[in-house]
Amino acid sequence: MWATTHGEGCRNLIVTGILSVALLAAVSPARAVPSFARQTGMACEVCHTVFPELTHFGRVFKANGYVLSNLKQVRDVSPAKEELLELSQFPPLSIMVQISDTQMKTGVPDLSSAGAPGVAQNGTAGFPQQLSLFYAGKIAPHLGGMIQLTYANDGGTIGIDNTDLRFADEILLPNNGTLTYGLSLNNNPTVQDLWNSTPAWGFPYASSNANVSPLAGTAINGAFAQNVAGLSAYLYWNESLYAEVGGYRSAQQGITNQLTGGAGPLDGTASNVISGLAPYWRLAYEHDWGRNTLEAGVYGFNVKVFPGSASGTPRALSGPINRFNDVAEDVQYQFIGDEHLFTLGGTHIHESMTLDSSFATGVSANPSNTLSTTELQATYYYRRKLGGTVQYFSTTGSTDTLLYPATTPGQPGVITSANGSPDTRGWIAEVNYLPWLNVKVSLQYTWYSKFNGGGSNYDGVGRNAADNDTLYLLLWFAY
Amino acid sequence: MRITKRSREQRSRPNQGRHPAVRLLGAAVLLIAGSGGRADENDAALQLRAETVAITVCGTCHGKTGTNTQPKFPVLAAQNANYLVAQLKAFHAQTRGDPDAIAYMWGMAAELDEPSMTALAEYYSAQKLRARTAVNSSVISTGKDIYEHGIASAGVPACSICHGPDAHGLKDFPRLAGQHAQYILKQLASFQSNMRNVAIMHGVAQHLRVPEMDAVAAYLEAQP
Chain X
33 MWATTHGEGC RNLIVTGILS VALLAAVSPA RAVPSFARQT GMACEVCHTV
83 FPELTHFGRV FKANGYVLSN LKQVRDVSPA KEELLELSQF PPLSIMVQIS
133 DTQMKTGVPD LSSAGAPGVA QNGTAGFPQQ LSLFYAGKIA PHLGGMIQLT
183 YANDGGTIGI DNTDLRFADE ILLPNNGTLT YGLSLNNNPT VQDLWNSTPA
233 WGFPYASSNA NVSPLAGTAI NGAFAQNVAG LSAYLYWNES LYAEVGGYRS
283 AQQGITNQLT GGAGPLDGTA SNVISGLAPY WRLAYEHDWG RNTLEAGVYG
333 FNVKVFPGSA SGTPRALSGP INRFNDVAED VQYQFIGDEH LFTLGGTHIH
383 ESMTLDSSFA TGVSANPSNT LSTTELQATY YYRRKLGGTV QYFSTTGSTD
433 TLLYPATTPG QPGVITSANG SPDTRGWIAE VNYLPWLNVK VSLQYTWYSK
483 FNGGGSNYDG VGRNAADNDT LYLLLWFAY
Chain B
27 MRITKRSREQ RSRPNQGRHP AVRLLGAAVL LIAGSGGRAD ENDAALQLRA
77 ETVAITVCGT CHGKTGTNTQ PKFPVLAAQN ANYLVAQLKA FHAQTRGDPD
127 AIAYMWGMAA ELDEPSMTAL AEYYSAQKLR ARTAVNSSVI STGKDIYEHG
177 IASAGVPACS ICHGPDAHGL KDFPRLAGQH AQYILKQLAS FQSNMRNVAI
227 MHGVAQHLRV PEMDAVAAYL EAQP
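As they're listed, the protein sequences go chains X and B. Per our numbering, residue 33 is the first one in the first sequence, and the count goes up by one each step. Per our numbering, residue 27 is the first one in the second sequence, and the count goes up by one each step.
Keep in mind that the hints were calculated from the coordinates and are not lab data. Remember, predicted model here, so these are calculated numbers, not experimental data. Hints may be right or wrong, so weigh each one.
As the list claims (entries may be wrong) - Straight-line C-alpha distance at most 30 Å; calculated DSS-like pairs for lysine-lysine:
hint, chain 1, residue 1, chain 2, residue 2
1, B, Lys212, B, Lys170
2, X, Lys417, B, Lys212
3, B, Lys115, X, Lys104
4, X, Lys417, B, Lys98
5, B, Lys98, X, Lys104
6, X, Lys113, B, Lys115
7, B, Lys98, B, Lys212
Bound-form chain X, shown alone (with noise of 0.2 Å):
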């Protein structure tokens, strides 16, 4: 479920070799874990208002670390009782699966035959999608995590997903205050984020993986999802105002040192591979009332890349690079009623691109750029039984004839610009039946007015943005 929506479809093509294509082979998202409510013995209600979405609850949850238990431990203590062990009796397990269905109002030509193409079968099954295991909760006193493998049927491969391992505990301030405070060790800026308004978590929470994505996209919004290794440090100062701080490595997976077949040391041969460490900052207050929680925060990440291999020819990792700078804001609102429950959310982030690599070797046709992308969306459930959400999207920016690249005398286009715009903009709108809080059936449509720069015959071979319009059907549980 990775390359799926307009928004994760965008991070992985940050197109020709700003961000390689190589991170296609990353998976999809982590999402609701029925392992945390077997360990907490609580409902999936306590932390999620429908799964994935937080509640406060789990938001505090997840602060402290995922170690929140209600289950009998085997323990040991020093004779000094400091804590040396304590294991949960059952381990913190889950599964998840997704079954979909996908249908395209027009479908994509078929390139096996050359010279007189025909169109490929429109309507994708996919059985399973996604198939994920979890290890989900605690693993000592102040560690938890979040650990999720996953195979994914478009690379027919399993590989690590979402990882978010935490070490987290708490100051008693005066007047009843408290402090938490931890450290997360992640492979996914944003994944250890405690609010559904930045991109990890954010809606669509889940998406065809066969459909078609526009080209651009921001570095924060998954371009860097699971091979990279983050490690970053957070307060939260009552339950209301969160800071963090941290940077991110590279850490790729599948990548091998051509000289001695090892892991690493990464080289010329891999792709956009972080310089040094990439800084993620993140503030963010919350106020509750009632039923009523209103969040509203900043973030940001600023990334500088050797392009590496990325646009097919390897080089070395060094001399010029390209560097992207993500400033972003986000809100969240949540009712949490028994009968109706109704969310308001949505993020927007700045991207400034200095693509001195990419300029030099003739990839961008600018030394700089910029790249705008803003989600809107309003979610509303009955009982947590029926719902939906609706979502406007948009992603605007400098246009770049070789970043955006026009359609080749000859080819079939589709995933092209023949402005050279990145511009994309359109609507999802998403209804869903929950027969069980777990189980979760989805039908979701996708409208695009703007795709890759225009509405039609935006690749200057036909195609219009309609014509990547999405019918996905979902069936999506956890156990």
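Start from chain X and add chain B according to the hints.
Frame of chain X; chain B shown alone:
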């Protein structure tokens, strides 16, 4: 785990003299539930741990000192300790069957032992209830009348008989003064349907109409 009741003085000043500027939570602090009883723990340590758990775990829903703004979750400050222990036992035994009890508290109380329940109950009973803004309306007047006198024609007895004239509770009967009206309404509905199976309250609630429940709940929420 052992516990003896703290002195009245201690209960009335639960945090006094024991709060350093900040208190670093020890290794086992989060899990009064998960770790169960501890043979090596003295009474003071148990009470301290209970307070810490109340603030850092229970407090997320109930408020750090038992007063919250979320009507889904009951106010626990100044609640009768006996009543709180009885409810925790009912959650632990999975005999209290209203939906929120099942979803939230059956798990939370799963590994609580009796001394821990008592320590938590004492913490909450010693907390001061945050005063609400006084409201006066005809609905509250109606609620006051029902609370104090019942509805003789419908066979509804006065609530004050069991819950006390000031609604502060009596013996094992809970305090209702200052409780969220929405929470009270939900409990009355649970008593009516027997999801929360309490015979005496089922007998009362089945004779109450919705406007009467609304009035009593509004009255009780406004009481100090």
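- Holds or violated: are the alpha carbons of lysine 417 of chain X and lysine 98 of chain B at most 30 Å from each other? Judged against 30 Å, a Cα distance of about 19 Å means the pair holds.
- Query: Does the structure keep lysine 113 of chain X and lysine 115 of chain B at a Cα separation of 30 Å or less?
  - Reply: 29 Å, holds
- lysine 212 of chain B and lysine 170 of chain B: Cα distance at most 30 Å? 19 Å, holds
- Task: Given the hint that lysine 115 of chain B pairs with lysine 104 of chain X, test it: the Cα-Cα distance must not exceed 30 Å.
- Result: At roughly 17 Å apart (the allowed maximum being 30 Å), lysine 104 of chain X and lysine 115 of chain B satisfy the hint.
- Agreement of lysine 98 of chain B and lysine 104 of chain X with the hint, judged by alpha carbon distance not exceeding 30 Å: 28 Å, holds
- Message: Hint check: lysine 417 of chain X vs lysine 212 of chain B, CA-CA at most 30 Å. Holds or violated?
- Response: Cα-Cα ~20 Å, so holds.
- Message: For a C-alpha distance cap of 30 Å, please report whether lysine 98 of chain B and lysine 212 of chain B respect it.
- Response: 9 Å, holds
Hint violations for this structure: none, all hints satisfied.
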